[in-house]
Amino acid sequence: MTNLFSTTTDKVELIKEKAKMSRLETIRLISYAKSGHYGSSFSSSEIFSTLYYHVLNYDPKNPQWKSRDRFVMGKGHSAVGVYPILADVGFFPKKELDTYTQLGSAFGDHPDMNKIKGIDFSSGSIGHGLSVGVGMSLGARVDEEKYRSFILMGDGELQEGQVWEAAMSAASFKLGNLVAIVDNNKVTVDGVTEELMNVNPIKDKWESFGWNVVDVDGHDVEALIEVFENLPPVESDVPTMILCDTVAGKGVSFMEHGFEWHVANLGEDDIKKAIAEIEGGN
Amino acid sequence: MTTHTFHEDTWELFKSLEMSKQLTAGATLAKLGNDHPEIVALCADLGKPTRLYDFGKEFPERFFNFGLAEKNMVTAAAGLATTGKIPFVATYASFLGVLAAENIKTAVAYPNLNVRLIGTHTGIAMGFYGSSHHATEDIAITRSMANMTVISPADGVAMAEMVEESVKTYQGPIYFRVSRGREEPVYQKDEERVQNVIGKANILTDGTDITIIACGIEVGEALKAADQLSAEGISARVIDMHTIKPMDTEAVITAAKETGAILTVEEHNIQGGLGSAVAEVLMESDAQCKFKRHGFYDEYSLIGKPYHLYKHYKLDGEGIASVAKELIK
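If you're matching them up, the sequences are chains A and B in order.
For what it's worth, the numbering used here labels the leading residue of the first sequence as 4, then goes sequentially.
For what it's worth, the numbering used here labels the leading residue of the second sequence as 916, then goes sequentially.
Okay, chain B solo, but in the shape it has when bound (with noise of 0.2 Å):
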């Protein structure tokens, strides 16, 4: 892992040199679209924020813009989805795993269609945005909709990995939850071998004191606090549960049984997503642990830029080593 300082007086995660570089779906696609010609993407006016506009630049008769109007691009998705194409829709999470959930649902979840939905800038990525731009929901709407999987990467390497295997060999419909790709990176790229497979979770750092499950940007996250939490003489496993679902059931509770404590680390409502999704697994099994979710705890976001907000959420580094202190003290 990397460790950059951030700039408080940006209101970018990352250098804003490299700004969303880490929304690595379309130039995914683009290298993928000769070989794939069933790819389609679909965008609502925000296709140059999402990234799926690196798409549509290769391949403009392949690339839609539905202008400011969500349920109908969804549905239409949907709609070429039955012609065998596989459609990439992407727009904000708010809009997409919110706005259209019902779209979602009916159109492509339950007809099990093979569309991929990319909801950026998720969580409280948009910052002082404000709640109407913030997805701290998505995944629980999300994951309650049968034949559904979803994914929330850590990192553009892992996004592109996961799109590529969408493409190539995934059957029915995704939902992806990516931030601003302004993260610091999680993985290095590396040719000789894919690191990011739906299903199956990434443990990434061992420990023996607690271990940390977190998905999407709170990986990262999550690796620093092991690293402060290592400095203090606490051992903690770091568990990257990119697939909420189908869930690696068997990483939870082998964590669970060897570590004794398992804190789950997201930017959504705890009430529905990652923690609330471990928890089901836990309690179905035969393990015991000291268990937490940690996350918005029913509640809006305040105004702020998203790194005084990480913050003050206790969702950097620094703030899950505090809380996960406090779970096993």
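Only chain A is shown next, with the shape it has when bound in the complex (with noise of 0.2 Å):
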């Protein structure tokens, strides 16, 4: 995309500041919801941020460019992160994230591909993402075309055995252009992910199913960049995943590594509290 840095230090704090932006929106739609996913948006808000201000090649002007990177959430229900930063580069006004989950809105908990201009698939079943990234990629291959379909899951999502059907496809395929993305918080709406069903070990899985494997911190945008931009040709034969270790509920102290905050409302005092700290933050 369009360099908007003259410096690398501009860019990851730019990059930061987005992330503390997308939290501090997730805070106020949701506040209009009294109902909304915190815990699992805010373990991936410097993911959203480092895709959309620094990887991904898109046109706001024209959301349905053909040559676009693709980006899927598999865990759809962290779309209240990714709208405020869709809104923030353009592809529609800020205002209309006011409408989030009024009656008739295009924003809902789940996103829509058909009424958000930016959102590449209508996500929110959890475990179709990456079936979803291996039929983009394999069209790209069709077109010749050299863009990377980035799709996003859950640690909790690879309890579905769909994504180890995509998985195997993504391999056999052969499918360089395809980037999966795990948001490894640790956590599912009923507990711990490892103590519920054990999803581990997630590196040594994928590598056995012939994916290239990163691990990486996933609130460490440095990091995150440096993996981003060394990814492996388009046109190379292995997918890869990227193992992004991240904390659920990030950047508000009472709401790290809790399950509890999944899903939850947050009262007009604890509002105050975690913008603070979001607000606080670093």
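Accuracy of the hints is not assured; some may be wrong.
Stated by the list, open to error - Cut-off 30 Å, straight-line C-alpha distance, at most; resulting in silico cross-link-like pairs (DSS-like, lysine-lysine):
hint: 1; chain 1: B; residue 1: Lys1104; chain 2: B; residue 2: Lys963
hint: 2; chain 1: B; residue 1: Lys972; chain 2: A; residue 2: Lys118
hint: 3; chain 1: B; residue 1: Lys1083; chain 2: A; residue 2: Lys149
hint: 4; chain 1: A; residue 1: Lys177; chain 2: B; residue 2: Lys946
hint: 5; chain 1: A; residue 1: Lys69; chain 2: B; residue 2: Lys1020
hint: 6; chain 1: A; residue 1: Lys69; chain 2: B; residue 2: Lys972
hint: 7; chain 1: A; residue 1: Lys69; chain 2: B; residue 2: Lys1083
hint: 8; chain 1: A; residue 1: Lys177; chain 2: B; residue 2: Lys963
hint: 9; chain 1: A; residue 1: Lys177; chain 2: B; residue 2: Lys1020
Since the hints were made in silico from the structure, they are not lab data.
Treat the numbers as computed from the prediction; the structure is a model and nothing was measured.
From these two lone chains plus the hints, build me the complex, please.
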């Protein structure tokens, strides 16, 4: 995408600021809905901002641009953290976000590709995302296009059997243009992933399925940039999975690591506390 | 129509030398492939029995075999559709319209994508393979999905015509429900005209005493029933309701008013299938008529060779004629 930055430091700082913006807007939007996915959006905030302010090729004036990179949220319930970024980069006016979850709004808890510019697929059914990415990557190959498809999944999502069908097929089809990102925040709705239904060892499993796996701290913007900048070439014949070590509810101390905040509603006092912590955070 | 005699000792519905010749989607797509680079085809280790491989042979770079992973295949087809492709997905109906139903609903129907799903070997066409391989629920499942068109062609000519229409002009997701491809032909190919148009029922024989509304393999059997009824002095209208959704409601209501009795025939549970769809149309109309749904009466099929099963369940011409006579006696 267009280089928005004069120096690397500027870029890292801007991406951090945009991650904060995503978290603050998530709190504002969920306050309209009175229920929403704080924890699993906050664990993805730096991933979202790194993708949209540095990695993805897209054109907000031409959302259906054929050669754009694709981004699909298998964990569609994190969409509330992406909507503000899509508005910020120019896909639609920020004011439209004010309708979030209200009757007839384009913006619901899960994203709708036919209603929201910049959304590449209507996700929500956990486990579909990587299969969609397989299809998008096959389409790119048929069309001899050079774009990549980036698919964000949660660690809980890896409990879905379809993910492994998709993982197998991506390796068999040699889809070097497919990048899976796992937001490994280690919690699901009912509890801690490892205790509830263990998906570990994630890295070993994906490597044994024929994927190139890269570990990274999912909240370290500089590290994320380095990983994305050093992806194997689109023409390579091995798909890549970026395993992001993250913290559910990252940025708000009383939410961090807690599965109770996967879906929740903050009261007025807690909203103030959360905003203060996010604004003061680094 | 033709009047071949079935061979009782085989489990084929048609002459074995012409196996699966009515499964025409692959061959049709192969013919269209050069002019339509947007066509891609996906199968799940059943490319040959579904005859989708006829396209794959010609266009291997646009043919993807997903192995035994139907949910992944259907959802990947949705991803392909977002890149401007028209994906044709084929496998046995039990593993498509039933097994992958949630993927079809969420990833295909809800985003309203141009995916064409072809469930083959539907109904009890798999005979003694048993209920795991039968699909007597897929019409009910797919027609309840918003945006979805549901088509059950009578034969290979009908299939080819509507597949071609689906490539050239039709928008939105389609579920094609087809049999083993060994059924007797109903239509003779005519280069001069298209005989099957999506959404438009075909009145194959006119009649005044009763109307038999059928879909898929049962259209040919309904024609045989009409012949038998005619010999007994009963004038039966036969309607090929190949498009179950959206239904040609005018054909249904007119038939009810003009013939006074409607019998629906389908290789499907009578709960939720063609008969239910016709009943919905009739109950919301001002027409009054005798009415019966014929098919599977909320039961799973016995084991048997298809020929014997269709006869046992009165889904052959003779059986349909007997049910028709009972309705109007």
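Earlier hints that do not hold, by number: Those not satisfied come down to hint 2.
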